[in-house]
Structures are given as C-alpha cells and as structure tokens.
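Line by line, the protein sequences are chains A and B.
Position 38, counted from 1, in the first sequence is what the working numbering calls 38; the numbers after and before it change by one each time, with no gaps.
Remember, the working numbering sits 89 above the position in the second sequence when you count from 1.
Hints are not guaranteed to be accurate.
Straight-line alpha carbon distances no greater than 27 Å define the calculated DSS-like cross-link-like pairs of lysine-lysine that follow [to be verified]:
id : chain 1 : residue 1 : chain 2 : residue 2
1  : B       : K178      : A       : K53
2  : B       : K252      : A       : K53
3  : B       : K267      : A       : K58
4  : B       : K497      : B       : K430
5  : B       : K355      : B       : K497
6  : B       : K497      : B       : K267
7  : B       : K267      : B       : K252
8  : B       : K497      : B       : K252
9  : B       : K178      : B       : K497
10 : B       : K252      : A       : K58
11 : B       : K355      : B       : K178
12 : B       : K430      : B       : K178
Since the hints were derived computationally from the structure, they do not count as laboratory data.
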Amino acid sequence: MHEALVYIALAIQSVASALESTVNPLGRPLGLIVVGIIEAPVVVLLLAALLGKPRSPKITALFMGWVLVMFGAFVGAVFFLSYLLGIFY
Amino acid sequence: MTDNVDRMLRPLMHTSREFYPFVAILGLTFAVSVYAYQQQLMYGLGVTGLNDVTIWGVYIANFIFFIGISHAGIAISAAVRLLNAHRYKPIARIAELLTIVSLIMAGMSIVIDLGRPDRAMLLITEYASRFMYSPLIWDITAVATYLVLSTTYLYLPMRRDIKVAMERSTGWRASLFKRLIPLYEEGEEATIDRLSFWLAVTILPVMVMVHTTVAWIFSLLSSRPLWFNAFAGPYYIVAAVASGIASVMVIAAVVRRIYHWEDIIKPDLFRGLSNFTAMTTLVYLYMMMAEQLAALFAGPSGEAFVSEEWLFGSFAALFWVMTTLGLVIPFLYMLVQAFRKDYVNVGWTAAMSLMLVIAFWFKRYMIIVPTLSIGVQQVGIYSPTWIEAAILLGSFALPLLLYTVLTKVVPLIELEVKHDA
C-alpha cells in the first residue's frame, strides 16, 4: 500500500513537473548564446588561418578546402544514411 | 634515428599474419550486428527492450560513452602542442585517431537509437527553427564542429609523415600515399605548425562544449530524477577525460607490445597518464558522492527514490560492482603507483585502465536506465534483447576494425623528420 502511494505520488509529481517547467520561460536567446560559444573559437581559427604568418596561399586553401569537405561529408553522411535507411519504410 | 623512422612506419609497410584473422573476427562480429540492426529496421524498436517508459537504453549509453572517449585525443594532443608536453608526443596521434573513430561511433549510436532513422536529416533541415530551443541540436552543432576540427587536426600535421612514408615505399602504397597529400609543397611545415597551434587552441573549448551539451540533453529535463543538475557539464567532462585517457593507455599498451615500441612509448609516459587518470577518477568519485548524498539527504522524493534504488535497490549490485571494481580499485592501484618512485607496470596500468573504461560504460548505463525505468514507477522493466546485445557488440567491433584498418594508412607516431635529415 505504502509503495503504491509512493508510485502514485511520483507519477503526479512527474506529470506536474513536466507541465510546469516551460522551456526558457523568460524567452532569453539561450540557443543563440550556446551556438555562439561553440562556434566562436572557429571564427578565431579562421581569422588566424587567413591573417597569421607564416602564410602560404596553397596551404590556406588546402586548410579551408579540407574543413569544407569534412563539413560537407558530415552533412552528406546524415542525408545519405537517412535515404539509405528510408528504404525500410 | 632513420632506423626508428622505419620502425614507426612499419605498420604501414608490413602486415603480419595475425592481422587478417583479427580483422576477419571483427568483421564477422560487425556483420552479425548489421543483421540485428536490419531486424530492428524491419520490425521497429519493438524488437529491443526499449518501450514507452524506458525510451533510451544501451544505444544512448553508447553515445555518451563514445563522446567521452573522444575527449582523450585532443586533450593529449593539445597538451603536447600548447603546454610543450613533448614526452607525450609518441601517443598523440594514437589518441587523435581514437577521437575520430569514437566520434563516428557516437554519431552512429544516435542513428541506431532512432525509431525512424530516415528522419535523421530533420536535424539539418529543421536546424534553423530548432537551435534556439533544443539541446540536442546544440549537441549536433558541437559534435559536427569537433569532428571537422579533429580530422583537420589529425590530417594537416600528418602530411609530412605521409610524405616520408611515400618516399620509403613503392608500388600501390607509394601511389596511395601520394594521393593522400594533394598540393604538397616543400617547406609547408612552418605554415602547418602555425595552423595546428591555432587548431589546438580552438579545439579545446569546442571539446568542453561537446560534453557539456551532451550533459544538457539530460540535465535540462527537469522532470527526470537525478538528471536535472547544474553541475552536469563538469561531471560529464571529468568522466570523459578519465575514460578517454584510460582508453588511450589501453591502446598505447597494445600497439607498444605488437610493434615492439617499448623504447619509443616509454613507461614514464604511462606513469604520467596514470597519475592524471587517478586524479580525475578521484574527482569523479567525489562528484558522484556529492550527487548521491544530496539526493538521498534532501532531494525531492523522485530523486531520493532513484538514488535509493542506485545504492540499495534493484541497481545496487551493478552500482557497487562498477564503483568498487571499476573505479575504486583502479584508482587505488594508480595512486599507489604514483607514490612509488620511478615505478610503473605498463601491463597492470593498462589492465586497470581497461577496468575503468568498462566501469565508465556501465556508469553511462546507470545514468539512463534507472532514471527512466524507476522515474515512472516500473522497476526493472528494461532489459536489453539479443538485438541490442548484438548491435552493442558490433558497436565495439566496428571502432576496433576501423582503428585497425586505419593503422595501415595513418602513421601512428609523429615522425621527427627534421632531426633525421
């Protein structure tokens, strides 16, 4: 009996907590801040790659190209897997 | 020194007889997991032990585990570059490779967990409308950035080593290596060194954000007992660093033995890593104690209830075995070793590291399953099926397979080319 009451109380608490907690209730741009923090070092890196010395246009191009290709590979892999596994549906 | 270069390049130039059966066993294990996954695709997640209550299980435990392992590579490699910790240079690339393989596996774990993996593309097509609200999207952003930067960090400094390998090989190998270094120009090393320095600077904060955003996937769900936690980010990062560095020690000990690199990967190096792992494990144990004490002593009823189940209830056996065998004993061993002057036993250190790695996998399981199954009042309703077991086995076979194959393309130890000339 005691256990059953605990379970019921927990269930009510769980539902109430889920209903009460709104995501970001004050409406702050938290997502923007988080993504900004993640990507800010990349901006520093790109600036360092373009402006730092010693510099070689060929290597800078290779670096930028590699980063773009890897980014494309990541996005491509997600799309490819989606289409490939979509065969089953 | 030239002799040393040949020895370091040996995995690229020669393949032992044992290599093929090893790869075959891994390939077979992976094939079984592909069959199991095909069953999951055909019949849905109903073939797993997951259900409407326990919506996450071993796949998500795997995801957190592999993200954690991926921290080691960059932590070690960046330390070599930024802190001039050159004595760790022989294992820097071994660790970087581990990072990349682990990140690939982490991504795959998410896809495997999806009931409709054909919708994975929504993560990208709906990115703009979701990134303001979804910790999952933040995590995808961090993981993608980390993967791109890590592959760049691995590839750029490796070009000079591939060039050396190309010069010392003939036939198809020379041709393959030549294709791997397009636009190579003499003297590019200075520019690449500068880029690598900035890459190291950049990757460190991204690395921290990767595991912080993983932690937020759980800790921002306020209705789940033991997940809603302000220090979840640091808590996860400490586990990641400990398990990652322990994994590097295991792999380094294995390749050291296989390729007879005892004089290159010196015992002293294991001693340093072991000391650091002991310290991070201690911090982790402390955080775990703080978490459980707070939940038991004054937590809301849900928190206290789940904590009680962890420590004294249906998950107690798993928890105490994991904590004692997997965390406390390795910690004590590494601590005792740290206090013994000039002493390190590489074999035992690797064995203890392996126990740590296994324990940290189970810890990730413990984070997810008790909260989900007990949090909605049905103790013990999740138990993985053979499909999940097979996929889980495959998810360990695949990274091993990838790593083994990559050792035939990637020079595992950064060469000291300038000194050789």
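Structure-based check of each hint:
1. K178(B) x K53(A): Judged against 27 Å, a Cα distance of about 24 Å means the pair holds.
2. K252(B) x K53(A): Given pair K252(B), K53(A) holds - Cα atoms ~23 Å apart, limit 27 Å.
3. K267(B) x K58(A): Judged against 27 Å, a Cα distance of about 17 Å means the pair holds.
4. K497(B) x K430(B): violated, 38 Å
5. K355(B) x K497(B): holds, 23 Å
6. K497(B) x K267(B): With Cα atoms ~15 Å apart, K497(B) and K267(B) stay inside 27 Å; holds.
7. K267(B) x K252(B): holds, 7 Å
8. K497(B) x K252(B): Given pair K497(B), K252(B) holds - Cα atoms ~15 Å apart, limit 27 Å.
9. K178(B) x K497(B): Distance of about 20 Å is within 27 Å: holds.
10. K252(B) x K58(A): Since the Cα atoms of K252(B) and K58(A) sit roughly 17 Å apart, the hinted pair holds (cutoff 27 Å).
11. K355(B) x K178(B): Judged against 27 Å, a Cα distance of about 11 Å means the pair holds.
12. K430(B) x K178(B): holds, 23 Å
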